[in-house]
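K.L.:
Residues per chain are reported as follows:
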Amino acid sequence: MAVRTFKLPDPGEGLTEAEIVTWHVAPGDTVKVNDVVVEIETAKSLVELPVPFSGTVGELLVAEGDTVEVGTPIVTVDDGTDAGPPAAPAERASTSGEAAGASGSGGSAAPATPATPERTAVLVGYGVKQTEAKRRARKAPAEARSVETSLASPAAGDGPAVRRPEPHHEPPEQPPAGLPYGPASTARSDATPGERVRALAKPPVRKLAKDLGVDLLAVTPSGDGGVVTRADVEAAAASDRAGAESVPATAAGSSSAESPGETRVPVKGVRKMTAQAMVASAFTAPHVTEWLTVDVTATMELVDRLRADREFRDVRVTPLLVVAKAMCLAARRHPEVNASWDEDAQEIVLKHGVNLGIAAATPRGLVVPNVKGADRMTMRELAEAIGDLTATAREGRTPPADMAGGTMTVTNVGVFGIDAGTPILNPGEAAILAFGSVTRRPWVVGGGAEERIEPRWVTTLALSFDHRLVDGELGSRFLADVAAVLADPARGLVWG
Amino acid sequence: MSDNEVAPLETAYGVDHHVTRADAPDRPAQEGGPDMVQLLSPEGERVPHPELDGIVDALSDEALRGLYRDLALVRRFDAEATALQRQGELGLWASLLGQEAAQVGSGRALRRQDYAFPTYREHGVAWCRGVDPVNLLGMFRGVNHGGWDPNEKNFHLYTIIIGAQTLHATGYAMGVQRDGDVGTGDEGRDTAVIAYFGDGATSQGDVSEALVFAGVNNSPVVFFCQNNQWAISEPNEKQTRAPLWHRARGFGFPGIRVDGNDVLAVYAVTKQALDAARTGQGPTFVEAFTYRMGAHTTSDDPTKYRVSAEVEVWKHRDPIERYKRWLTTTGKADADFFDAVDAEADELGGSVRERCLAMPDPEGPEMFRHVYAEEHPVTAREREWFEGYHASFEEEVAR
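So the sequences go chain by chain: V and Z. So the first sequence is residues 0 to 495, counted in numbering that gives the first Met the number 0. So the second sequence is residues 0 to 398, counted in numbering that gives the first Met the number 0.
Simulated from the structure, these hints should not be mistaken for lab results. C-beta atoms are modelled at their ideal positions from N, C-alpha and C, and glycine is treated no differently. Take these hints with a grain of salt, some might be off.
[To be verified] Simulated pairs of lysine-lysine, DSSO-like, Cα-Cα distance not exceeding 27 Å:
| no. | chain 1 | residue 1 | chain 2 | residue 2 |
| --- | --- | --- | --- | --- |
| 1 | Z | Lys237 | Z | Lys303 |
| 2 | V | Lys43 | Z | Lys323 |
| 3 | Z | Lys152 | V | Lys43 |
| 4 | Z | Lys303 | V | Lys43 |
[Unchecked claim] A partial selection of chain V residues facing chain Z, derived with a Cβ cut-off under 7 Å:
| no. | residue |
| --- | --- |
| 5 | Gly11 |
| 6 | Thr15 |
| 7 | Ala42 |
| 8 | Glu58 |
| 9 | Leu59 |
| 10 | Pro72 |
| 11 | Ala307 |
| 12 | Ser475 |
| 13 | Arg476 |
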């Protein structure tokens with residue numbers, strides 16, 4: 000059977016690596032040419048990759064979450080044809096895209112060559128093929144070496160990504176001691192476990208170790224050739240837990256042992272914080288949620304105008320910005336909403352400024368940094384502040400100070416195409432607004448003889464508030480005022 | 000009227016499009032405005048237009064089906080090329096998704112002797128000019144600088160420099176005037192030139208210069224601007240205060256906006272403009288109001304600079320869907336026809352893939368061959384050095 004290998008291409012002019020985000024196929028699945036098999040994230044964007052072969056998926060060679068270099072084999076597909084001798088040159092040439100190179104000058108010598116990456120990462124295009132310039136030595140060796148090393152750097156992994164079989168090939172230098180990841184060639188070869196610079200493990204095991212927070216280099220490998228196995232990682236994770244919690248190792252090991260058909264992910268970091276905060280909030284503050292659907296066509300027009308406005312040329316103008324502004328205006332009219340409940344002192348604490356939290360989904364999980372003094376900001380300052388806050392959050396660099404001291408929050412669930420939801424209060428705050436997706440919906444406009452249905456930009460707002468200090472009337476008025484500004488931003492002039 | 004004599008606006012084109020027609024639809028600006036010519040609504044309903052109906056009515060059912068086939072095959076080719084890029088077989092690809100009608104409608108309005116100057120996205124125009132689609136991939140695969148003879152197809156090589164081709168087109172059109180191939184009344188001789196460019200190019204000085212020269216020389220050139228709303232990540236409103244088609248008036252010739260997702264309207268408007276050019280009535284600026292559904296090229300991520308709601312709105316204005324609906328409801332085509340086109344499209348996709356992968360790498364010295372039409376001493380010296388350099392390597396050791 001002919002097994003074809005799909006190597007990670009450069010999907011965007013000059014990218015050298017990408018993270019495997021989601022596999023859309025599993026071994027055994029049938030695929031056709033151009034079926035999307037995997038989603039990857041590059042420095043530029045999320046990209047879906049279509050597979051260039053038809054057949055049965057053989058093996059996923061890299062795990063979700065792994066970052067791999069351009070040119071790395073990522074999946075094999077068995078195309079169901081009988082290939083005869085493995086990787087016959089003509090067969091590979093006709094399907095793997097190397098037709099030009101292989102059928103050109105020296106295809107006949109290929110059977111000795113294993114199926115290996117023939118392209119390597121470069122800064123432009125889809126990886127250079129191994130052409131004469133890199134395969135052949137210059138007649139003047141000294142000059143040749145400097146040319147070659149500047150042109151080609153070996154791809155990571157165990158495939159001989161760039162083979163330069165010049166007779167005077169010198170072994171690469173050993174990396175300096177203490178370097179965690181040396182060139183693949185040194186890491187692979189004959190280093191003993193004690194000196195390993197890179198642990199040997201299959202991609203799923205690497206993923207598991209990453210998830211469990213286990214340092215592969217610290218694990219004693221039990222597999223053949225010093226390979227770290229799944230069992231090794233699980234054992235290491237269990238002993239870590241045992242050590243950390245100071246309970247007998249046996250108990251810890253057995254209580255959270257993984258059963259077949261499930262994966263146990265330790266709760267830590269942002270996830271742990273989120274869980275604690277949400278439980279604390281949901282079971283201390285009695286939540287009430289109110290909904291309001293509103294025609295925001297005027298807001299969308301305003302957003303369009305602001306985008307064209309010179310003053311806003313460097314900042315991102317979004318409907319969320321107008322919502323944020325509307326909340327500040329509504330808070331000015333109803334300062335009791337911008338408050339918190341002090342259980343110990345049995346007092347309601349009215350806040351003198353609005354620190355507006357923006358819920359942000361980040362690679363590390365949900366974080367809610369807040370814009371300090373949002374109510375005193377101009378629209379442009381607010382846009383800038385929100386932009387900075389969310390950019391920092393997406394990079395996972397939100398400092399704790401940015402998350403402390405919030406007084407009310409907006410969560411933009413609309414970006415996920417959601418109508419609205421029942422948001423849970425950020426602990427210590429009395430109100431949180433869920434901003435649903437803005438979609439074209441039929442809307443009744445005009446009155447009397449002019450009454451008609453028009454497509455309009457419509458959204459749904461959902462406000463949760465703490466009923467200990469905000470009554471239904473107050474919450475309703477606050478929500479209605481937010482909606483009023485969105486329906487007619489000119490309200491902002493009246494209330495601002 | 001001599002070629003160099005500029006006619007007053009109103010008579011040059013029959014109608015001054017800057018005056019909104021009394022029966023113009025009440026269409027909001029973001030949907031093209033009241034002055035945009037539309038013959039097929041997004042729902043696939045025929046919109047009457049006294050001036051242009053005759054041009055469309057003159058098309059046979061077979062020709063109308065042919066337009067659909069063009070649209071569908073061009074889209075399928077484009078999808079295959081995009082996939083090839085994602086598989087590492089092309090370094091880059093500029094997708095035309097969403098702009099098929101603007102390109103096919105205008106491309107099919109051209110006559111054999113007319114000459115088109117494209118950007119790098121005119122895959123649909125290339126198709127109409129008879130360029131084998133696989134040849135469009137050569138540059139993006141890095142094996143040539145354009146794989147066709149421009150003079151054989153009267154379709155210039157792809158131009159990467161933004162807007163430069165509008166100058167080439169104007170120059171060519173001025174040449175046509177000097178050859179006397181304008182306004183002779185001979186249908187096989189009178190020649191028009193069409194320059195393709197995008198909304199972003201209108202911010203380039205080159206384009207304004209081209210408009211100046213075309214205007215004052217009354218040259219037979221149609222400036223066909225596909226306004227796809229985005230110059231990479233720059234929206235229209237950051238490029239212009241006035242609708243683009245208004246610019247023509249400042250240069251002394253008519254401008255017109257057409258629904259770029261309506262293949263019939265694009266065909267009719269372009270044909271009228273080309274006819275005007277061939278008969279010596281000078282240039283026209285056609286703004287095809289359309290939308291780039293995908294990325295500018297495979298190297299950028301449009302979700303980072305535009306909202307998905309906007310894309311959703313344009314999905315409802317898809318050029319192929321509306322045309323298919325109209326062909327179906329008017330009985331001009333049936334399910335068998337559409338199935339056959341789909342099958343042909345898949346076949347084209349497979350063939351393009353196969354032939355793309357089989358494209359030979361160029362020989363090294365090839366790059367020196369087309370620098371000058373004839374041998375040039377400097378190029379010859381460079382080629383000799385290059386060949387010597389390659390000969391300085393040892394024999395290949397293993398393959």
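K.L.:
Take the hints in turn and mark each one as holding or not.
P.N.:
Status of the hints after comparison with the structure:
1. Lys237/Z / Lys303/Z: 17 Å, holds
2. Lys43/V / Lys323/Z: 36 Å, violated
3. Lys152/Z / Lys43/V: Violated, at roughly 38 Å.
4. Lys303/Z / Lys43/V: Roughly 9 Å separates the two Cα atoms, so the pair holds.
5. Gly11: 4 Å, holds
6. Thr15: 13 Å, violated
7. Ala42: With Cβ-Cβ at 10 Å, over 7 Å, it is violated.
8. Glu58: Violated - the Cβ of glutamate 58/V stays beyond 7 Å from chain Z, reaching only about 18 Å at its closest.
9. Leu59: 17 Å, violated
10. Pro72: 12 Å, violated
11. Ala307: This interface hint holds because 4 Å falls under the 7 Å limit.
12. Ser475: Nearest chain Z Cβ about 28 Å off; hint violated.
13. Arg476: Interface hint status for arginine 476/V: violated (29 Å vs cutoff 7 Å).
Hint violations for this structure: numbers 2, 3, 6, 7, 8, 9, 10, 12, 13, all remaining hints satisfied.
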